[in-house]
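Engineer: When we follow my numbering, the leftmost residue of the sequence shown carries the number 1, and every step to the right adds one.
Keep in mind the hints are simulated off the structure, nothing from the lab.
Among the clues, some could well be false.
Said to hold, decoys possible - Restraint-style ranges between C-beta atoms, simulated for each label pair: (1) Asn-14 with Leu-84: 54 to 62 Å; (2) Ile-49 with Phe-74: 14 to 22 Å; (3) Arg-71 with Ser-48: 21 to 29 Å; (4) Val-51 with Ile-72: 15 to 23 Å; (5) Ile-49 with Glu-15: 55 to 63 Å; (6) Asp-66 with Asn-14: 53 to 61 Å.
C-beta atoms are modelled at their ideal positions from N, C-alpha and C, and glycine is treated no differently.
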Amino acid sequence: MNHRHADFQAAVVNEITDTYSEKCVKPPDEYQSVSGSLSSSVENDCGSISVHTRTAALWISTHEDDIRGPRIPFIRSKFDLDTLGAVTASRLAHKLRYAGGS
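Using the sequences and the hints, build the whole thing.
Structural biologist: Set out below in structure tokens:
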């Protein structure tokens, strides 16, 4: 008789029937709303950004699928930006692309 199968049997696991009615992890409603407008956030960011960086951000937000390979080096070479300018353009492009939220 082969008893090896018994070596691999797991212990019995009891069913968990506890409810979470008093253990709510959902934050209160006042912590779930966005303060301010995302659109105004994008507008505020644009004031201190160079024209080249804004142009890059606008292109990136509409041509996201055309970027191949590492994003920042691509942006740097295409728009002749430094690293900080490329990162700023990438962040602004993300805000422009997803600011609508709908």
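Engineer: For each hint, tell me whether it holds in the structure or not.
Structural biologist: Status of the hints after comparison with the structure:
no.: 1; hint: Asn-14 with Leu-84: 54 to 62 Å; result: holds, 57 Å
no.: 2; hint: Ile-49 with Phe-74: 14 to 22 Å; result: holds, 19 Å
no.: 3; hint: Arg-71 with Ser-48: 21 to 29 Å; result: holds, 22 Å
no.: 4; hint: Val-51 with Ile-72: 15 to 23 Å; result: holds, 20 Å
no.: 5; hint: Ile-49 with Glu-15: 55 to 63 Å; result: holds, 57 Å
no.: 6; hint: Asp-66 with Asn-14: 53 to 61 Å; result: holds, 55 Å
In this structure, none of the earlier numbered hints is contradicted; all agree with it.
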